[in-house]
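Please build the complete structure, drawing on both the sequences and the hints.
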Amino acid sequence: MRIKTLLAGLAMTTALTVPGLAMARPVTLTTTLKNYGGNGAYLALYVTDASGAYKGTLWVAGSKSKYYSHLSGWDRASRGNVAGINGITGASVGAGRTLKVTVDLADALFDAGYKLHIDVAAEDMRDSPSEVVVPLTAAGAGRPVAGRSYVQTFTYDM
Amino acid sequence: MLRWIHKILALSVIIPLMAVVISGSVLSVMPALERAGAVSHPADGISVAELAVRTVATHPGVEQIKRLPSGKVVAFYAGTDGPAAMVVDPSSGEPVSTYAPSAFERWMTNLHRSFFLGDDGRMAAGAAALALLVLTLSGVQMTARRLGGWARLLDRSRGGGMERLHTDLGRLATLGLIVSTLTALFLSLTTFGLIPDGQSQAPDFPTMAQGGSALPLARIEVLRGIDVSQLRELTFPNPADPTDFFRLTTADGEGYVDPASGKVLAWQDHTVGRQIHEFIYRVHTGRGLWWVGVLLGLSALGVPVLGVSGTVLWWRRRRAHAPIAANVPARTADTVILVGSEGGSTWGFARTLHAALTANGHTVHTVAMDCVARPYPAAQRMFLLTATHGVGTAPTNAGAFLERLDQIGAPPRFRFAVLGFGDRQFPQFCQFARDVDAALTQRGWTSLLPLETIDRQSPQEFARWGKALSSVMGEDLVLAHVPERPRTHALTLIDRVDYGTEVQAPNCVLRFALPESSLLARLAGRGWPRFSAGDLLAIVPPGVTLPRYYSLASSARDAFVEICVRKHPGGLCSGLLHGLQPGDQIEAFVKPNPSFRPVQGRKPVILIGAGTGIGPLAGFIRANRGRQPLHLYFGGRDPQSDFLYRREIQEWLGDRRLTSLSAVFSRVRGGGYVQDRLRADADRLRTLIGAGAQVLVCGGREMAAGVKETLGELLVPAGLTPGLLKDEGRYLEDVY
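Chains A and B, in that order, give the protein sequences.
When you read off a place in the first sequence, starting at 1, and then add 95, the result is the number in my numbering.
When you read off a place in the second sequence, starting at 1, and then add 72, the result is the number in my numbering.
Since the hints were derived computationally from the structure, they do not count as laboratory data.
As the structure is a computational prediction, the values presented were derived from the model and not from experiment.
Mixed in with the good hints there might be a few duds.
Stated by the list, open to error - In the DSS-like style, the derived pairs of lysine-lysine whose C-alpha atoms are separated by at most 25 Å in a straight line are:
no.	chain 1	residue 1	chain 2	residue 2
1	A	195	A	161
2	A	159	B	663
3	B	138	A	129
4	A	195	A	210
5	A	129	A	210
6	B	138	A	161
7	B	798	B	663
Unchecked claim - Derived list of chain B stretches under chain A, where covered just means 3 residues or more per stretch with a C-beta under 8 Å from a C-beta of chain A:
no.	region
8	307-319
9	647-658
Unchecked claim - Beta-carbon label-pair distances, calculated as ranges:
no.	chain 1	residue 1	chain 2	residue 2	range
10	B	315	A	240	18 to 24 Å
11	B	189	A	237	35 to 41 Å
12	A	191	B	130	28 to 34 Å
Each residue gets a CB set at the ideal place from its N, CA and C atoms; glycine is no exception.
Below you can see the structure in the form of structure tokens.
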């Protein structure tokens, strides 16, 4: 109950990260893109719960909010809450390059049906919502998974 | 001011601008190429549902179907190495070819819009577009000013070859560049969100899916009701997500379609802003408007040429502006030289005058005309050397002169002389010099010499003025001005035909072999140049600084160099030339004279020449391979003696290179001058000129003045004057 409240509060600030708290741990998210032969890609990494409801955003690569509608799964789930992603955005990721970010994730997110999604879009190419969908489990950490079209491998390490 | 902005801006942005316009030109042909490669698509009447069914049948994993502006239909699906795409034939759904946006095009696009530098580069590219727009507009305005107003903007350009190239190409590219730069600025501003582009207007995602099993594609009503030509994008629901929908974008709007019920769950028509953005994007890129793209690309391709020609013009001007040696302050100078110059060439003459006077012990102060209005306590004389800009207006550095004159007040004790520089091909030849002379006279200033004019930077006329000045100043003043003499070549005489010795008018047609230049010399720009009849052959007699000019009577295609030379009693150069025998050599170079040429086309041309003035006209006739109607009026003394080109003219009449000949001779019974013949032919000439004929006159000053007067009289009934014809470039004179 207590955790639920905490999560709800965090979702409002779109941060699932809990700096400095004992019940959180640093998680490194590593996304390597294929050499798809296009301009730099926009990525959104976000979390949904067991019922598929949006819980919060971990990272957005790409700085022009006008293109966020191409990250359609995230855009629709977060209802375009651009204001809530201050401080968790970075540059777009070139083809063949790797995006590595470390966030503090609440322990309660693991082995509880939560899923991590990655939406990808690149200019003049197909949008790929939910390019990667992985359940957040302690056992799944460190295991690379492939995306549908753009992502070569995605790994989360604790 | 305008020229300054144009110059500074052009010089500072020329390099990045080249990258933008050249990449833009390359990109401009892409839509045309893509169109050429597009399948002939009888897609009309096919619905989006039919297309979707056919595509899914051949590509089961399809995620998205897009219709490109070129009409190509592309199916996107997940391939093994990332997103894959295939161009499909809409009528069958069969794959046509793989669709891969070309890496070359992407590279060019990134160079074009951002110099590969991300947002900073995009800002720079936007600034380059703004700079190009300012350059275009300032250039057009300068052209209009030079030609005498906006109404004359499309008149024939005048001036030297490089200047005409710059003007003509600039005018040709103007419209395309304005469209390209304005659309570029719009796109740049939308990129940075300063103008809304209406793009993020997607409808809200429907909250809940109906759920249930998906309908067969063919039964979804909405997709059956939309023609493929209206389709932009159809995104299939993610098979892994049962709550997902079709996302449909058409020409009119976008929305979501429930795969279970086939109903439209949310729809939003495109905003006007988005439609405007789309239209501007298409105009700028030529996507879906390939011919616009090609036109804009051609205009952009003019920019590198404009850049180079503009830089050359600037460099020439700059060289003319080096500081003047021994320039004495205004207070102590006994001689003041005021210069009004637009292109810089007048400064060269002023420099020569300054040096000659200084060499004779004078203290000389030379300055731009606009810097007048200081007291000149020591001055004994003032020279005003000025060009005229456009149609009778002051050059840039003399615009305030007449106004400042009022501030000077009482007429000074010293005397003045005005020397005008100009080109007789312009209407209102040396008008500003005349205005200055009149203004000074009216204010009671005392004249040292009457107004004199120099046509097309003629060193001879300048030297002649120097002689007049010498006698009035009572000292020996030699004005040998050499306006940048090009390298000379040795010409070998191969043939000469003499005329007119019996009538005391020794004329001679001299034919020289075309000098041979090595490939290396030609590549280095040091070879014998291409030339046309009407250009000038400058002959440099040994031990002489000033070249003498003769109109060329042949073109490069004739493979020989020909001139007509009249022997003047005591004439140094004409004497030298008349003494040449086949095999002898002289030093010479070509000075282009592009303003004296018949216009190309089918319009008739009236050629009027007397004596050796027939030279360039004969060259035009010889080069008339297109059989344009040319009518020659020739005046001589005696048909038996000085009928130059008599034999060739018969030949040209025979093969219709020449349409008609009217020759008249002054020393035979019932004869007369060429003016008399024109008067007798008044009706015919009026008809020809009424039909758009151009008139080219070549000969001595008196003859040219007589011809002008006669034509003026006989054109009165037609409501025309030689001046009006001159404005349209239809009355050209080559006078010596």
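Against the structure, the hints come out as follows:
no., hint, result
1, 195(A) with 161(A), "holds (24 Å)"
2, 159(A) with 663(B), "violated (59 Å)"
3, 138(B) with 129(A), "holds (23 Å)"
4, 195(A) with 210(A), "holds (19 Å)"
5, 129(A) with 210(A), "holds (23 Å)"
6, 138(B) with 161(A), "holds (21 Å)"
7, 798(B) with 663(B), "holds (23 Å)"
8, 307-319, "holds (count 6)"
9, 647-658, "violated (count 0)"
10, 315(B) with 240(A): 18 to 24 Å, "holds (22 Å)"
11, 189(B) with 237(A): 35 to 41 Å, "holds (37 Å)"
12, 191(A) with 130(B): 28 to 34 Å, "holds (30 Å)"
Violation of the numbered hints given earlier is confined to hints 2, 9; the remaining hints are satisfied by the structure.
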